[in-house]
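S.K.: Chains as they are written, first to last, in this note's numbering: chain A, 1 to 329; chain B, 1 to 329.
It is worth saying that the hints were derived from the structure and are not from the lab. Careful, some of the hints might be misleading.
[Claimed, not checked] Simulated restraints, written as ranges between beta carbons of each label pair: (1) D144(B) / E38(A): 16 to 24 angstroms; (2) P185(B) / E115(A): 47 to 55 angstroms; (3) A142(A) / A21(B): 15 to 23 angstroms.
[What the hints assert, rightly or not] Just a few of them, taken from the derived set where beta-carbon distance is under 7 angstroms, the chain B residues facing chain A: (4) A21; (5) L24; (6) L44; (7) V46; (8) T48; (9) V50; (10) I53; (11) D56; (12) P57; (13) R59; (14) I121; (15) S127; (16) L311.
Using N, Cα and C, we set each Cβ at its ideal position, and we do this for glycine too.
Protein chains: 2
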Amino acid sequence: MLRETEFIKNLTKGLKSADSADLLQGIGDDCAVLAGKESAVTLLTVDTLVEGIHFDPVRHPPYLLGRKAAAVNISDIAAMGGMPRFALLSVAAPASCDQYLLDEFMAGFLSRLDESAMSLIGGDTVSSRELMFSVTVLGEMAEDEIIYRSGARPGDLVWVSGFVGQAAAGLQLCRRLSEKQDKWPELVQAHLDPSPQVELGRILAAGGLVNSMMDISDGIATDLAHICVASSVGAEIDADSLPLSPALEEVAVRLNFDPLQPALQGGDDYQLLFTAPAANSTFLEQQVKERCGRDIFCIGRIVAGKGVQLLTGDGRRRDITFQGYEHNL
Amino acid sequence: MLRETEFIKNLTKGLKSADSADLLQGIGDDCAVLAGKESAVTLLTVDTLVEGIHFDPVRHPPYLLGRKAAAVNISDIAAMGGMPRFALLSVAAPASCDQYLLDEFMAGFLSRLDESAMSLIGGDTVSSRELMFSVTVLGEMAEDEIIYRSGARPGDLVWVSGFVGQAAAGLQLCRRLSEKQDKWPELVQAHLDPSPQVELGRILAAGGLVNSMMDISDGIATDLAHICVASSVGAEIDADSLPLSPALEEVAVRLNFDPLQPALQGGDDYQLLFTAPAANSTFLEQQVKERCGRDIFCIGRIVAGKGVQLLTGDGRRRDITFQGYEHNL
Numbered sequence: 001m002l003r004e005t006e007f008i009k010n011l012t013k014g015l016k017s018a019d020s021a022d023l024l025q026g027i028g029d030d031c032a033v034l035a036g037k038e039s040a041v042t043l044l045t046v047d048t049l050v051e052g053i054h055f056d057p058v059r060h061p062p063y064l065l066g067r068k069a070a071a072v073n074i075s076d077i078a079a080m081g082g083m084p085r086f087a088l089l090s091v092a093a094p095a096s097c098d099q100y101l102l103d104e105f106m107a108g109f110l111s112r113l114d115e116s117a118m119s120l121i122g123g124d125t126v127s128s129r130e131l132m133f134s135v136t137v138l139g140e141m142a143e144d145e146i147i148y149r150s151g152a153r154p155g156d157l158v159w160v161s162g163f164v165g166q167a168a169a170g171l172q173l174c175r176r177l178s179e180k181q182d183k184w185p186e187l188v189q190a191h192l193d194p195s196p197q198v199e200l201g202r203i204l205a206a207g208g209l210v211n212s213m214m215d216i217s218d219g220i221a222t223d224l225a226h227i228c229v230a231s232s233v234g235a236e237i238d239a240d241s242l243p244l245s246p247a248l249e250e251v252a253v254r255l256n257f258d259p260l261q262p263a264l265q266g267g268d269d270y271q272l273l274f275t276a277p278a279a280n281s282t283f284l285e286q287q288v289k290e291r292c293g294r295d296i297f298c299i300g301r302i303v304a305g306k307g308v309q310l311l312t313g314d315g316r317r318r319d320i321t322f323q324g325y326e327h328n329l
Numbered sequence: 001m002l003r004e005t006e007f008i009k010n011l012t013k014g015l016k017s018a019d020s021a022d023l024l025q026g027i028g029d030d031c032a033v034l035a036g037k038e039s040a041v042t043l044l045t046v047d048t049l050v051e052g053i054h055f056d057p058v059r060h061p062p063y064l065l066g067r068k069a070a071a072v073n074i075s076d077i078a079a080m081g082g083m084p085r086f087a088l089l090s091v092a093a094p095a096s097c098d099q100y101l102l103d104e105f106m107a108g109f110l111s112r113l114d115e116s117a118m119s120l121i122g123g124d125t126v127s128s129r130e131l132m133f134s135v136t137v138l139g140e141m142a143e144d145e146i147i148y149r150s151g152a153r154p155g156d157l158v159w160v161s162g163f164v165g166q167a168a169a170g171l172q173l174c175r176r177l178s179e180k181q182d183k184w185p186e187l188v189q190a191h192l193d194p195s196p197q198v199e200l201g202r203i204l205a206a207g208g209l210v211n212s213m214m215d216i217s218d219g220i221a222t223d224l225a226h227i228c229v230a231s232s233v234g235a236e237i238d239a240d241s242l243p244l245s246p247a248l249e250e251v252a253v254r255l256n257f258d259p260l261q262p263a264l265q266g267g268d269d270y271q272l273l274f275t276a277p278a279a280n281s282t283f284l285e286q287q288v289k290e291r292c293g294r295d296i297f298c299i300g301r302i303v304a305g306k307g308v309q310l311l312t313g314d315g316r317r318r319d320i321t322f323q324g325y326e327h328n329l
């Protein structure tokens, strides 16, 4: 199968270098960046969700699916530190598609936009054999506040904004209908209705607190590898530092899997992954605590070299570069 | 089947009125319009092409398909009078999809962008069972030059920028492999590799020459009906005035169809359809001739009332409102 990273590499190869003065960042980060009014920029991102690959219409309530289709794109804006503003939606649906499903999807999609004070400004709808939603989101921010993937430096520590592996464990629960999903609602919700971290992204970017950032959509193993490649550095993750929720630990025992697996390789968490100079750590934690009342978690460090290494408590290290999730339900 | 116009109507119903100062036009025209730098605006449009609905991968060479995927979106920018600048591309492809097809598609897509001095700035690629391309295009123009669908007034004449029905006849030829397609290359090309009318759109808009405009993607019967609804007017088309190419007339005889059918109801022509005060007609024709060396064709008039009427030489009139093409190969 054509892997996304390969295809994007192929795409990028085919492109001439951007010769447009107002194109500040083309393919290769969470969003494209265009110069806008005064010192503002426009952020642009597109993501497509395909039935059977990115969602299971039988198990994903359409209202929540609509919310998720918006959320995953809003998350790309959050990953640069931007403010999401507008969305365009392209819906491909079979002739047989239930009108109720589409209405619910739209209601959910709009509710998610509404929570971020965004407007739906365009779209189209086409016939297809399988259900597919393609979403374009525009955001805005000040040019000098943008946090790219490419800013990580040796000496930075690596942070995540919350529990990891939640969504992957939630997906496991949704697949096993015999399991009592309501016992771990936060895991199921992480999978069905993820929360993009817009507020935290704004605080980190506007405060100049971090050197590089992205959102966790394909798992830390892959997403941190993107930061490493873009920044020409390597990274070490301390297995014992990964923030695992009690719910994830319980489900891992119940379903008999290693909780590190979803934490490192599970996709769809949409937490932020960022790096900041070690010297700033206390200030960074304080600022986040003060301004949005939450904890962040240091999980490792940026080093010279390349690739992402996992260090375990027994002193072993394992290369996990790009070992994340490939969407394929 | 859910018709696009219905779905968009449903979408629009669900939306609160745009409360954002910089959103000048949301859903309902060829593009969304956002306030940009100084008096400039950003135009945004998205369109999705689905295998088996919008294209037949067996008969559509992938290089030309790439060009068309770009062209149909560029055409939406042209339909407001804008300048296309940037594109985002989302590709959904089966695991079994030929790499050659994707490479050719990309080469064609980029060649079309290149002809309009545009850059590809973002995208994603996902797995799916059927091949699908979703394209977002951004354009720019001066705010006071935008031509909306809603500006048609009784007393305007209705114009098209070139032959109509070409693409629909070309599609017929491509379907009948026994026909000698190379006898009518302009029809086959109109279907496989349409030309968006960017230059003409710019001239018409920048010169303040027209009151309303859109591009012909679903056939005059439907596209003129969009203008009528948006402008709260009616329209009359003179059947004898429709510009039909000699090639279309020949193929209509050969394949035994009425050439008016593709001319009115055929989709995918991507000519411009526009209205202008009758008093300006000579000036309009002269300006277009002088500045891009081409003819335009007057095909009818805007009247008070509603709906689109076809007037035939024998004095009969027929309601053809929204009788255009529904994409479904």
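S.K.: Hints first: check each against the structure and report whether it holds.
M.R.: The hints, checked one at a time:
A beta carbon spacing of about 21 angstroms between D144(B) and E38(A) agrees with the range 16 to 24 angstroms that was offered as a hint. Range check, P185(B) to E115(A): Cβ separation about 53 angstroms, and the 47 to 55 angstroms hint holds. For the hinted restraint 15 to 23 angstroms between A142(A) and A21(B), the CB-CB distance of approximately 18 angstroms keeps it satisfied. For A21(B), the suggested interface contact is broken, since its CB lies about 11 angstroms from the closest CB of chain A, more than 7 angstroms.
Taking 7 angstroms as the C-beta contact cut-off toward chain A, the hint placing L24(B) at the interface is violated, the least distance being around 10 angstroms. A hinted interface residue such as L44(B) counts as satisfied when its beta carbon comes closer than 7 angstroms to some beta carbon of chain A; here the least separation is about 6 angstroms, so the hint holds. Because the smallest distance between the Cβ of V46(B) and any Cβ of chain A comes to about 5 angstroms, under 7 angstroms, the interface hint for this residue holds. Residue-level restraint check for T48(B) holds (minimum Cβ-Cβ distance to chain A is 4 angstroms; threshold 7 angstroms).
At its closest, the beta carbon of V50(B) sits 4 angstroms from a beta carbon of chain A; the interface hint therefore holds under the 7 angstroms criterion. Because the beta carbon of I53(B) sits about 5 angstroms from the nearest beta carbon in chain A, less than 7 angstroms, this interface hint is met. Because the beta carbon of D56(B) sits about 14 angstroms from the nearest beta carbon in chain A, more than 7 angstroms, this interface hint is broken. The interface hint given for P57(B) is broken, as the beta carbon of that residue sits about 14 angstroms from the closest beta carbon of chain A, more than 7 angstroms.
Given the 7 angstroms rule on beta carbons, the hint for R59(B) is violated: about 18 angstroms separates it from the nearest Cβ of chain A. The beta carbon of I121(B) is positioned within 7 angstroms of a beta carbon in chain A (closest approach about 4 angstroms), and the interface hint is therefore held. Hint on S127(B) holds. Least Cβ distance to chain A is approximately 5 angstroms, under the 7 angstroms limit. At a threshold of 7 angstroms, the smallest CB-CB gap from L311(B) to chain A is about 32 angstroms, leaving the interface hint violated.
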